[in-house]
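Q: Sequences and hints are given; from them, build the entire structure.
As a plain string of letters, each chain reads:
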Amino acid sequence: MAKITYIDAIKQAISKNLKTNDKIVILGQDVQIWGGYGGLFKGFYKEYANRVYDTPISEFATVNIAAGLAMAGYLPIVEVSFFDFILYAIDGVINQAAKIPFLSAGQFSTHIVFRAVLHSGRGYGATHSQSLEYMFLEVPYIKLFYPSSPNQAYFLTDFALKNIHTAPVFLLEHKLLHQEQEEFNPNIELKPYHPVQYTQGSQLTIVSYGRITKRVLQALTYFDKDTITFFETPFLKPLNIKPIIESVKHTKRLLVIEEGHGTTAAWLLKHIVENLPKGVLEQAKTLHFPSLPHPYNKEIENRLIPTVERIQQTIESLLKQ
Amino acid sequence: MQNAVYKDWLYKMLLIRAFEYFTKGLYTQKIVTGTMHLAIGQEAVAVGSIAALKQHDIVTASHRPNHIMLAKGLEPYKIFAEILGKATGYSAGLSGNMHLFAKDKGFWGSNGIVAANIGISTGIALAQKLSKKDKVVVTYFGEGAMAEGLFHESVNIASLWKLPIIYVCENNLYAQSTHISKELATKDIAEGVAKMYNIQTYKVDGMNIEEVYNTFVKIRQQISKKPQPVFVEAQTYRFNKHSVNEKISDYRTHNEISTWQERDPIKTFAQKLIKEFVITKEELAQLIQKAKNRIEEAFKKAYNDSDPKLEEVLKLWQKSPILMQ
Ligand SMILES: Cc1ncc(C[n+]2csc(CCOP(=O)(O)OP(=O)(O)O)c2C)c(N)n1
Numbered sequence: 001m002a003k004i005t006y007i008d009a010i011k012q013a014i015s016k017n018l019k020t021n022d023k024i025v026i027l028g029q030d031v032q033i034w035g036g037y038g039g040l041f042k043g044f045y046k047e048y049a050n051r052v053y054d055t056p057i058s059e060f061a062t063v064n065i066a067a068g069l070a071m072a073g074y075l076p077i078v079e080v081s082f083f084d085f086i087l088y089a090i091d092g093v094i095n096q097a098a099k100i101p102f103l104s105a106g107q108f109s110t111h112i113v114f115r116a117v118l119h120s121g122r123g124y125g126a127t128h129s130q131s132l133e134y135m136f137l138e139v140p141y142i143k144l145f146y147p148s149s150p151n152q153a154y155f156l157t158d159f160a161l162k163n164i165h166t167a168p169v170f171l172l173e174h175k176l177l178h179q180e181q182e183e184f185n186p187n188i189e190l191k192p193y194h195p196v197q198y199t200q201g202s203q204l205t206i207v208s209y210g211r212i213t214k215r216v217l218q219a220l221t222y223f224d225k226d227t228i229t230f231f232e233t234p235f236l237k238p239l240n241i242k243p244i245i246e247s248v249k250h251t252k253r254l255l256v257i258e259e260g261h262g263t264t265a266a267w268l269l270k271h272i273v274e275n276l277p278k279g280v281l282e283q284a285k286t287l288h289f290p291s292l293p294h295p296y297n298k299e300i301e302n303r304l305i306p307t308v309e310r311i312q313q314t315i316e317s318l319l320k321q
Numbered sequence: 001m002q003n004a005v006y007k008d009w010l011y012k013m014l015l016i017r018a019f020e021y022f023t024k025g026l027y028t029q030k031i032v033t034g035t036m037h038l039a040i041g042q043e044a045v046a047v048g049s050i051a052a053l054k055q056h057d058i059v060t061a062s063h064r065p066n067h068i069m070l071a072k073g074l075e076p077y078k079i080f081a082e083i084l085g086k087a088t089g090y091s092a093g094l095s096g097n098m099h100l101f102a103k104d105k106g107f108w109g110s111n112g113i114v115a116a117n118i119g120i121s122t123g124i125a126l127a128q129k130l131s132k133k134d135k136v137v138v139t140y141f142g143e144g145a146m147a148e149g150l151f152h153e154s155v156n157i158a159s160l161w162k163l164p165i166i167y168v169c170e171n172n173l174y175a176q177s178t179h180i181s182k183e184l185a186t187k188d189i190a191e192g193v194a195k196m197y198n199i200q201t202y203k204v205d206g207m208n209i210e211e212v213y214n215t216f217v218k219i220r221q222q223i224s225k226k227p228q229p230v231f232v233e234a235q236t237y238r239f240n241k242h243s244v245n246e247k248i249s250d251y252r253t254h255n256e257i258s259t260w261q262e263r264d265p266i267k268t269f270a271q272k273l274i275k276e277f278v279i280t281k282e283e284l285a286q287l288i289q290k291a292k293n294r295i296e297e298a299f300k301k302a303y304n305d306s307d308p309k310l311e312e313v314l315k316l317w318q319k320s321p322i323l324m325q
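Chains as they are written, first to last, in the numbering used here: chain V, 1 to 321; chain Y, 1 to 325.
Misleading hints may appear alongside valid ones.
To be verified - Quick partial rundown of chain Y residues pointing at chain V, CB under 7 Å, derived from the structure: (1) H99; (2) I120; (3) G123.
The set of hints was computed from the structure by calculation and includes no laboratory data.
We treat Cβ as the ideally placed atom computed from N, Cα and C, and that holds for glycine.
A: Shown next, in the form of structure tokens:
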């Protein structure tokens, strides 16, 4: 089979769904000619002229319009571009789109797919580099998916567009993953809402997601194969944490790593720890960006995002104890 | 216009007013807690505009929605049930009147967040355009909402995309305690919107139901012929406090309030109908009584309904788990 990039995998999945679901409407800034951020939607406007809308720079209205479209039975894909820009539209996401299914007691559903791109580690500075998924973790009904590989990206995009959701789904991408390649496997099956397990070990359980997955996998090469169990959570929410809990029962040590400011890691930790039986846990730690805006200097920024080296050191210190 | 239609308008306005006064009592007697924004004084805007729409047109409202909901034909009984938090309410007792949805009736939501429905309704209008239906979306809000960015983003987009929507500003001069002169820089809302967003705008006397109706008939026909957004400023006044919980009410003079009360949309319309021999004084008294009775019965029925079951509410939550086990 041919190789495919991460961004093309997302595009393929959207293209497939546009063909079969005429309720899909794409809206956002510069989607018609540029195809949105990274050219994801390029070509769709030619094929589906009345289903691809260039919006003015009006994030707030765009999100509310998407909610109205969804109420009327359409499936909007909203081009958020940089994840940071969602902040202008936060009422539309949290107070409107996410609440309407509940407030209307099921009369309306608001299935919207938000396509948002993360940018940490690219020297874009403080307002263009944040991992804001933490804001939505405890917002009822919202789902969060974040692929780390092209085949995952294909599966999760396709899954996000299935008619099984009743509220907003965030499809998170990382710009630094866009050109990653692998053999394309359109038949890949992720088990919905389950973590993906990479390794099986007896001394430490690691949980991470998104582009940090790559760094963890690199760090793992420094350790014996049967030492560490590593889970990735491409379905960040909702999440079946049972396999993780079973693993920690065995390893007694837990490390959660994320690229953002740590709230998501803390959230994962909370849900894992409070589901463990008494007396099991010996060590628990999170690794994340410090409580600072992202500095512009790329070297410095990249040393603050958990590096392979820091992940490796943290694992070593946990294993020693 | 046939007399029966006039009588129907009058009855609808009386029904709204009876509903509002009855509801006010529920809060002063602490039968219901929470908040409630009454629209006493603004009835003609709701009844006059909705009478000019097609049955299948879609309507949304703000935090002050009762007059709009009743004009759109929602049942007082099911609104009361919602206000009382009963399982039989339009939103199963989960939302209250500030977030009430009655999809089948074409009422697609009130909203507790100022201006939010301006944006959502713009999206609903885009859906009507995409499905090529002759359905118009009408969204009601106060002049205070026009200070929100979302209003401007939405009207701009509706104009660019030629969406079939009527933005109805019920200009009652105050946003809570804040007078319009401290809220909006423009001296003329309708003119300001027309210039900035290149759409047709109208100014109507919101205390005059015939004027409201005639304007909306014209607008509705226009949009059928050529889908486009229209903005209407309906000049009106709320006779009561901002909400039932308002403590300090001295931002309006008694003089101002009583001057507006002389223009009471129900009183003036009823007087006109009597003068023109459409109804008699006795008939008016009967209509008032009929409206009151209907509201009392609706409330009594709702009052005895059951609360939602916790298990049922948790079932909704299970549809949205954080964790799956
Ligand atoms: C986003 C938001 N900000 C503030 C409020 C609090 N609030 C409720 S009603 C209101 C005044 C609204 O005035 P207007 O839009 O003119 O409507 P009116 O109350 O006069 O009908 C305010 C500030 C709110 N509900 N939502």
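Q: Where does the structure disagree with the numbered hints, that is, which hint numbers, in rising order?
A: none
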